[in-house]
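A.B. asks: Listed below are the residues making up each chain.
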Amino acid sequence: MSEFDLTIILAGVVAGAAPVLLATLGETITERSGIINLSLDGTLLLSAMTGFAAALTTGSILAGFAAAAAVGAATAAVVAVFAIRLGLAQVAVGFVLTLMARDLAYVLGGPFARVEGPLVGLAPIPVLSGLPFMGPMLFNQSLPVYFSMAMIFAVWWYLYRTPPGLKLRCVGENPDGAYARGIDPDRTQLIHAVAGGALVGIAGAAFSLCIKPGWGQPQGCEGAGWIALALVIFGGWHPFKVALGAYLFAFLQVMSIHLQAWFPDVPAQVFQAAPFPLMIFILVLISLAQRESVLRLAQEHPVLKALVNALTGAAPAALGRQRKSDS
Amino acid sequence: MSLELAAAAAVVLAFTTMVLLFAGAPPLETFRQIVQGSLGSWIKLTYVIKVWIPLTLASCGLLYTFRIGLWNIGVEGQVMAGAVLTTFILRSGVESGHPGLVLFAGLLAGIAGGAFWAILAGYLKTRGGVHEIFAGLGLNFVAQGMVLWLIFGPWKQPGIASMSGTETFPDALWLPYIEHLRISPAGIGMALLAVVLTAAMLRYTRFGLYLKAIGSNEKAAFFFGLRPRTTMILAMICAGGFAGLAGGFQVAGVYHRLIPAISSGYGYLALLVVLLSNFNVWVTPLVAFFFAALNVGSIQLPMALQLDSSLSGVIQGTLVLAALAVHALRTRIRRAS
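These protein sequence lines map, in sequence, to chains G and F.
For the first sequence, this note's numbering gives the first residue as 1, with consecutive numbering after it.
For the second sequence, this note's numbering gives the first residue as 1001, with consecutive numbering after it.
Chain G on its own, in the form it takes in the complex (with noise of 0.2 angstroms):
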C-alpha cells in the first residue's frame, strides 16, 4: 500500500480493534468484581477455534459465535469457581488455564486447520455509510465490530449507571462491606466472572470468523490475550479508557504493517514483538504517574495534572484478593 489513505486505516484499526475491545471489556467487568481472569491468550485460542468449528460444522455464523462465548464462559467459571469456591490463588489458576486452554484447541482443532470456512461479511448502514469520512469508518463494518463498538457504552451503562453495576463495583472495592450490605459477593463474582468470559469468547469468533478468518496454528491472534489483559490496567479499569487504548493498539499495529513495507530488511517477527515493549512502557509511566512526587509536581502544572488525571485510574481494591468467607 503505497498511498497513505487515512480513511482505509482508520477503517482497518476500527476493524482489526474488535476483538481485542471486546476481550478487554470482558476482562473491565471481571476484574471489576475483584476477579482477575489471567487465562485470556488462551481462551481466546480456543473460543477463535470452537466458533470456527462451530460455524462450519453447523454453517451458522451465530452458531459459531454463541459456542464461543459459550467456551469463554466456561473458562472463566473454572477460574472462578476455584478461586471463590476452593480459595486458590486466580493467578495460578488463571495461568495454568491459559496454557492449558491454547494446548486444547490445537488438539481438538487439528481438522479444522487450514480449511476454507464461513466469514461474516460487511454490512453497511444505509445513508449513515455514505457520510464522507465518518462513512466508511464507523458505518461500513461487520455485525461484529458494530457490536463491539456497542459494547463499550453498554459496558458503561451496565457499570456506572445501572443497580447491579452499582452492587458489582461494591463487591470489587470491598467483599465484606457488600455482603454486610446484603449483596452475596461470591454470587456477583461468580455471575460477572462467567459474563465477562463470554465477552472474550465473542471475542475469540470474532478473531476466527472476521478479523483474522479460518483456523491454523499460529492462528494470529496470539498474544493478543495478553495484550487485552494490559490494556486494562492502561485503562484504568474505565471502559472508555479501555476501548480507547485497544483502539490506539490496533493503530500501531496497522502503522507497524506500514513500517513493514518501509524496512523491508528487518524480520517481520521484530515488528511483531514491537508491542510489547511499548506495554511495559506505558505501563511504568502509568505507576510513575501514581508516584507522590509526580502528584504534587502535577499541582502545579494543569498540562500536567491533566495527563497524570487521564493516565491514573486505580484498580478495584479487593482485585485478585482472597477473601475468607464465614460460610
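For the record, the hints were derived by calculation from the structure and aren't laboratory data.
Fair warning: this is a prediction, and the values are worked out from it, not measured in the lab.
Note that beta-carbon positions come from the ideal geometry of N, C-alpha and C, so glycine has one too.
Among the hints, a few may not be true.
To be verified - Using 35 angstroms as the maximum straight-line C-alpha spacing, the simulated DSBU-like pairs for lysine-lysine come out as follows:
| id | chain 1 | residue 1 | chain 2 | residue 2 |
| --- | --- | --- | --- | --- |
| 1 | G | Lys305 | G | Lys167 |
| 2 | G | Lys241 | G | Lys305 |
| 3 | G | Lys212 | G | Lys241 |
| 4 | G | Lys167 | F | Lys1219 |
| 5 | F | Lys1156 | F | Lys1044 |
| 6 | G | Lys241 | G | Lys167 |
| 7 | G | Lys241 | F | Lys1044 |
| 8 | G | Lys305 | F | Lys1219 |
| 9 | G | Lys212 | F | Lys1156 |
Unchecked claim - Some chain F residues close to chain G (C-beta under 10 angstroms, calculated; not the full set):
| id | residue |
| --- | --- |
| 10 | Gly1024 |
| 11 | Gly1128 |
| 12 | Gly1153 |
| 13 | Leu1272 |
| 14 | Arg1332 |
What the hints assert, rightly or not - Okay, the calculated bits of chain F under chain G, using three or more residues with CB under 8 angstroms as the criterion:
| id | region |
| --- | --- |
| 15 | 1130 to 1137 |
| 16 | 1277 to 1283 |
| 17 | 1300 to 1314 |
With the hints as your guide, set chain F onto chain G.
C.D. replies: Just chain F now, with coordinates in the frame of chain G:
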C-alpha cells in the same frame, strides 16, 4: 498425599479420555503410544533425560522467586537470553583451539544472560511498579523477537537465512556425550547439582530465610530490617541464572546451534512443574521427569494418530489443576470436621 494423587490422576484420566474421544482418537492406543514413545527404549529414555535437564534447571530457579512471592513468568525469556549469550560465546570461540574452555565460558555466559534478563524484570517490578507478570511476559516476546532477528539477521547461515537456525557448531564445541550411552554426564550433573544447591540455599542459608520472611509478609520483613527490593532482585538473579543455564544447555547440549524455538516452552512448563510439586524442591525433579516423559512421548502422536502433540500440555495442565483442586478440597474438608 497418595490419596490426593490418585484422585487427581483419576480426574486427568477421565478428562483426557473425553478429549481424545472428542478428537476422534483411540484413548488406549494414545496412552500406549505416549508410554512407548518415552520409556519404550533406551534411546527414547535418553531423549527424556535431555528434556529433563533444562526443565529441572529452570524449575529450580523458580523455587527462589516463588519463595519470595514473585510470579516469574519471564522465565521463558530468561531461557532464551541465556541461549543467546551461550551462542555468542561459542560462535566467537569456534577457532580458538580451546574448546573445553570455550564451552565452560559459554555456559557461564548463559547464566549471565538469563540473570540479566531477570534483573530487567526485577527492576521493572521494584522500581517501575510494573507487575512481574506483565514485565516478564513483555520481555518474553522481546526475547523471542531478538532470537528471530539474530537468526535472520546478523547470525544467519552463509547463503540463506532459514527457520532451521544458525550454522551448527563443530563437534568439539558440543557438550561431551558418552558415545554408546548417548547421555551427557555434564548435563545430568548440572541438574542434580542445581537441585542440591537450591535445597541447601533455601533450607540452610540466611538468604533462604530472608526469601521466606519477605514472601510471607513483606511489610513485617521490612520493619525487621530486611530489604525486600534488593532481596527480590537477588531472587530474580537466581531464577534467571538457572533459566539461562537451561538455555545454554539447549544450545551446547541439544541443538548445537540457535534455533527459533530454542526455549521449547520449558520456561512455562517449569512453572507448571513447580506448582504441581507444591514448591517442594525434592519433588520437583520427579515431576520434571514425568512432564519430560509426557512431552517426549507425545512427539510421535501426529505421525501415528494424526493427533497434535500439544496433547501433553493438556494432560499436564489438567493434572496441575486437578491436584490444586483436590488439595484445596481436602484441606477444606479437614478444617470443617
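A.B. asks: Are any of the numbered hints broken by this structure? If so, which, sorted upward?
C.D. replies: Violated hints: 7, 16; rest satisfied.
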